[in-house]
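J.: Sequence:
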Amino acid sequence: MYDRVKRDERHTNVSLVTFEPAAERAFGHWSMAYIGTKSELNARYGAIAEESGFDPSLMNGQAVFEYLRMLAHKEEAQAAQH
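Following full-length UniProt numbering, the numbering of the sequence shown begins with 1 at its first residue and continues without gaps.
Keep in mind that the hints were calculated from the coordinates and are not lab data.
It cannot be assumed that every hint is accurate.
Cβ pair distances, simulated, as ranges [unchecked claim]:
| no. | residue 1 | residue 2 | range |
| --- | --- | --- | --- |
| 1 | K6 | Q81 | 29 to 37 Å |
| 2 | L68 | R7 | 18 to 26 Å |
| 3 | P56 | S31 | 17 to 25 Å |
Please read these numbers as outputs of a predicted model, since none were measured by experiment.
Glycine included, C-beta positions come from ideal geometry on N, C-alpha and C.
The whole structure should be built from the sequences, with the hints applied where relevant.
T.: Listed below in structure tokens is the structure:
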């Protein structure tokens with residue numbers, strides 16, 4: 001899966017943060033659709049990062065996984081409201 005995402009021209013700066021066997025896709029229900037440009041993302045989540053000192057580059061693989069799980073649930077909840 002990682003190699004396929006990395007080869008996809010729609011993705012840039014792809015980083016592997018953890019590597020372990022998986023019986024199934026962890027986010028199979030999440031489309032991971034386009035959510036905006038970097039400036040749009042900063043407008044959406046930047047204040048949270050600035051206020052808390054959040055820096056995803058300092059996170060370990062499990063923390064990144066849990067953060068992505070939270071984002072997926074948030075995106076699903078927002079989509080359900082529309």
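J.: Decide, hint by hint, whether the structure agrees.
T.: Here's how the hints hold up against the structure:
Taken as a hint, the range 29 to 37 Å holds for the pair K6 and Q81, whose Cβ atoms sit roughly 33 Å apart. For the hinted restraint 18 to 26 Å between L68 and R7, the CB-CB distance of approximately 21 Å keeps it satisfied. Between P56 and S31 the C-beta distance comes to about 21 Å, which sits within the given range of 17 to 25 Å.
Going through the hint list in order, the structure satisfies each hint without exception.
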